[in-house]
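So the sequences go chain by chain: A and B.
Numbering follows my numbering, in which position 55 of the first sequence is assigned residue number 55; successive positions increment by one, without gaps.
So the mapping is simple: my numbering equals the position in the second sequence, first residue as 1, plus 1000.
What you were told as hints is all true, and nothing was included just to trick you.
30 Å max Cα-Cα, derived DSSO-like pairs, lysine-lysine:
#, chain 1, residue 1, chain 2, residue 2
1, B, K1206, B, K1004
2, B, K1103, A, K155
3, B, K1199, A, K142
No lab work stands behind these hints, which were simulated from the structure alone.
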Amino acid sequence: MKYFLPIFFLSILFIVWEYFITIYNIPEYILPGPLGIFNSLIENSNSLFSALFITLEVTVIALMLSAISGVIIAIFLSQSKFIEHTFLPYAVFIQVTPIVTIAPFIIIWINDIFYVLVILAWVSSVFPIISNTLLGLKSINKNLSDLFIIYNSSKYQRLRLLSIPSALPYFLGGLRISGGLALIGTVVAEMVAGTGGEKSGLASRLLESTYRLDLSNALACFFLLSITGYLLYSFLSALSHLLLYKWHESALNNKY
Amino acid sequence: MFLKIENLHKTFSNGLECLTSISLELHNNDFLSIVGPSGCGKSTLLKTISNLESISEGKITFSKDNPNISFVFQEPSLLPWANVFDNVMLPLRLKYNILNREKVDFFLNLVGLYEFSKSYPRELSGGMKMRVSIARALVTEPELILFDEPFSALDEFTREQLNYEILALKNETNYNCIFVTHNIREAVFLSNRILLFSKRPGTIIKELDISFPYPRNEILKTEEEYNHICRDISSSLKEIKVN
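Could you put together the complete structure from these sequences and hints?
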């Protein structure tokens, strides 16, 4: 039922859409129908999927970098109020500055377009992980914290047995947001950086197709990107559930 | 004598005076209860003894260096991501860096939760969680256990049950104990000594010896003298609140 309903709704939408453009005789360079888009997807599948692979590669690498660096930065910021007040504003700056304004500088400073894309996708996806993990690290139960003091725990034990598990649900919440942002960051970066030729990703294909008025291909790119984003989010949700289902409130379906 | 506190004062950094002129001795094998109005600094006293809070003035001395102390909080305060076994193992890992499975099994058996070793805290009732918390406090075989209103969130039946159990456990493992509570009947039933605290800044206004012999059981609660002592303490506490 959970999967049937949205797919059923989409089918109806496609039928109405196809019917609409046939009746009104709308040319393909204005709005192609779902069948046209699907045909284009099949015809160009090789080139589209290799483009998707490039976009996905950038997204996944950027997301992993965000996860690792975000956690390290959050642990660093959580060390003291002084450090947090000094450095957190810079993380906020990164978050609120649109990447289209950062992109030109990165493009000048770094030659390899692949790294440019990764950096821009990283910039757009790292902040939710920093801020969520930091919140998690600061939400450690006071009694548990006291318990670790009473039993003379080492700093490492405290981090591994208390801080990291406490912050894990928060981190995973941040990761789910960052997954979508990393994909958006990659797409925007591809458009701004103007990648082209063999090694271009889906977003540049999309842009290039609209220049040629090949809207079927452009929309095929669009749908592939949307589906990818949805799958990425689903994957991260499943990962989160897998890590938390045994103990965390958010993952509880049945109360005891 | 196990613990001696001389003329302890505690004032918080914001100027709030919390405890004043506290002097007390804890003898070996004592079950000392502290009863007093809310916010009178009872919990803070436990925290100064366990070195979680500094003291402003005075002296706390133990009969031996590095005494082995455990703390039982008002809430069970278990690690939600660890199962019962790992929760009880935690103090051994932290304090001695050892994994002594037999010892954990022994204390889980003692609190009757051996079959629940693999369960997670969320799968347990409030009373069971508290038992895990007590097993965790016992596992280091402490010389002193500090109880900070441990049963206040439990229903009356579970509370009584756990009262019997901690007396039995004390008989078996021989720890000294300071027990903070709001519940006068609980304090009289459990302790051989009771301290009455004034409202903030907290200080000792009355000390009572409860001389009923151990082991104690539910029959004690029907005795005239037991009820008389309870009434006495209750009226003393009312006076504190009025003044």
